[in-house]
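Engineer: Each chain is listed here by its residues.
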Amino acid sequence: MAVGTYPVVGEHLTILNYERGSESWPLASYESRGGYSVAKATLGGSYQPDDLLGEVKASGLRGRGGAGFPTGLKWSFLPPVDDSKPRQLVVNADESEPGTFKDRVIMEENPHMLLEGCVLSCYAIRSESTYIYIRGEYVPAIKRMTAAVEEAYAAGHLGENIYGSGFNCHVTVHSGAGAYICGEETGLIESLEGKKGQPRIKPPFPAVEGVFRYPTIVNNVESITAVVYIAHAGGQGYRAWGTEKSAGTKLYSVSGPVKRPGVYEVPMAYPFKDLLNNECGGMLDGVALKALIVGGSSVPVVNAETALKINMDYESCEEHGTLLGSGGVIVIGEGTCMVRSLMVLLRFYHHESCGQCTPCREGTGWIERICSRIENGHASDGDIDELYRIADSMELRTICTLADAAAWPTKSFIEVFRDEFEEHVKQGKCPHGNTFPDHLNLRGGGAPQRREDPEHAFIA
Amino acid sequence: MSTHQEIGGGDVDREAATLQYNPDPHDGIEFSDAAKQRLEWLRTRYPKDHQRALILPVLSMAQREFGWCSPKVVQYVASVIPVPVIQVEEVATFYTMYNKKPIGRWHLQVCHNLSCSLMGAEIVLEHIETKLDIHRGETTSDGQFTLMGAECLGSCGTAPMMQVNDHYHENLTLQDVDDLIDKLRAEPDLESDAPNLAFGCGSGPSRALPQDGPVLTSGQGVVVPGHGAH
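The listed protein sequences correspond, in order, to chains A and B. Just so you know, we're using our numbering here: the first sequence kicks off at 104 and counts up by one. Just so you know, we're using our numbering here: the second sequence kicks off at 49 and counts up by one.
Note that these hints are calculated values from the structure, not bench results. Possibly wrong hints are sitting among the right ones.
Using C-beta positions, here's what the derived DEER-type ranges look like [as the list claims (entries may be wrong)]: (1) B:Gly191 to A:Ala391: 44 to 54 angstroms; (2) A:Ser496 to B:Glu174: 49 to 59 angstroms; (3) A:Arg464 to B:His215: 27 to 37 angstroms; (4) B:Thr178 to A:Glu437: 26 to 36 angstroms.
Small disclaimer: the values here were computed from a predicted structure and weren't measured. Glycine is no exception: its CB is placed at the ideal position from the N, C-alpha and C atoms.
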C-alpha cells in the first residue's frame, strides 16, 4: 500500500532524498520528487485521521529531538476534541544541543517536506494550526521556511479547504531569541507565549494543556518530517529499516576531526564504525579516535574502544552506557584534553540554566568552577570526587532535564577518563597546556559537504 | 491598557541609571511604517487573548530598527502591544540575542562550544582578540566590531565558524578571518543596513481571528502586504 509517490534514493534516503548541494528547497523542486502527493492522497481519503495516527504508532517512530519518546503514543494522549480548545501542533526547531545541526539541514534544504509533514500530522491529530518555533540564530533556516510557507499557501498546500477536502491547516513560523532551554517542550511553550523560557511542572502535559492553554503536541522537526514517508509507505513500510525498538532511518550530524563532517541519513542500527569510515571518510590523517559523544553534548561520553562497538540505535547506545539523544555525533581525537572538553561543556550548561530550580542554577555554576579549577591547575585532592558528587546530586531533582544533561557528561567524563583528571591535579597544571590540538590546518582531507550558497556567504 | 506602561516602570528607570549610556538615545522612538504594518499582521497570528506572544517577535523587530534594547525600547515595545513593561523586560534580559547595551556595526560571534573548539575556535577567538585589540565581550573604540564567544550555533560540521550579524561564516581559517575583517572594515556598507523585518519576527501569511475565540475557526483571510489573499 503506497499513498502518493515518494522516492527513496539509494537504499534508505527518505528525508535527504535529493542531490545534496542542488537547489532542492523551492516548491517546484520538491514537487518534482513527489512532493505533496502524500498529503493530497491522504486528504483525498486514503486515510481517516485515526488511521494515519495508527500508522504512525505502528511505525515505531520515536521522537528525534533527543528523548526518543514514541511519537504516536504522544499523539494519543490528546484529550477528546473540544471546539473551544483547538488543538495545536508545535514544531520544535529550537535545535541547540551542541553537536546537533540536522534540523537546520532539513529546514534549509528540504523545507517543504517539513510542511507536508505538518499538514499530515495536523490531519492525524485533528489540529488546524501549527507553529514552527525556530531558534533565532538560524536566519537562513527562518528565511527558507518563511519562503516555503508563502509558496505553500500560494499553491494551496496550506490554508483553508486544502485540495477541496474541507481540511484547514495554517502554519506560522515563529523565531526564538537565543535560549537553549527553549528546546525543552514546556520551555518552548512558555517562550512561544512570550515569556521567559522556563519549563513548566508536569502534569499537566502539553497534550492536555499546552500553548495558550490549548491541547498541544510538540514534536521535533525530524519527527514531523518522517511522518511524510510513514504516511506514504505505512507504519510497516517504515519498519523496513532498523530494529524492533528503533525503527526507520535517522539523521546524524557528525562533527569533530573527521574528513567529511556533515549530516547523513542512515538506517537505525547502522554501526558507528561504518558511519565514521564510510560516510565521514574516516578520521583526519594523523588523528586517532579517542572518544565519542554520540547523541549531542548531554549524553555520556564513551572511549574509542566502546565507540567502535556501538550501533546507532536506542538499544545499542544504552547497552554501551550512553544514549542516542539527538544524533549529534561529536568525534573527539587523540591529543584532546578531556578536562578542557568537559569545562567547555559545563560553561555552556551554566550559561543556559534558566535559573528556576536551585540544584541546576547553583549546581551548574559549581561544577563549572570546579572543573575549571582542575583544568587550570588550582585543584585540591578532593575536587574530582566533589565534582562527581555534586553532579550526581543534581540529577532527577529539577523540573526539566537540563541539570541531568549537565550531570551525565560530568559523571561519564570522570568515569571514563579519571586518570586525566588525576593527572591534572597531580601536576597542578593541564598537561595539554590549556589548549585543544590545532586541527585548523589539518582539515582538507575531504571537501566540506556543505555547498556554498548565497545565503551562507555574502561576500561574493 | 495604556496604564500598563507605568507598571514596572520604576525597574526600568533604575536599570537606566546603572547604564553608562545616558541619556537613553531612544527617546521618542517610533516604528517605521513597515514595522507598524508587520506588527498589525503579527497580531493576527496569535489568539486575541494571548497577545503577550507578540513580545519576542516585536522586541526582535525593535532591535533591528533601533539597534539595541535600551530601557526606552523596552517601554516602547510594551506600549505598542500593549503589555506591562516588566513582561518585556523579563524577555529582554532572559534571551541572549537581545542586546542590553549598544553593539558595534559588526557583531562577531565566534562559536566556542565543544565541536568548534575541537577544530580551532579558541585559536580563532584569540586571533581576533589580538587583531582587533579587544577582549571577547568588548567593542572596538571606533564602534566597528563587537566580539563575543557564542555557544553552539548549529554549525558544528563546518567548524570553526563565526556569525557576523545575520550571516554564518563557516570552515574558517585564520586567513579567512583576516580577509573578512579587513573587508568589513574597508566597506562598512557591504551588507545592507536596512533592517530586514522578516527575520526574527515570525512569518507566514495572515489569517483573521475571531474576536475572542480560538485561533482556528476563521475562513476570512486578511491580505498582508507582499502576500496574496488565500
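Engineer: Check each numbered hint against the structure and report the violated ones by number, ascending.
Structural biologist: Of the numbered hints, just 2 does not hold.
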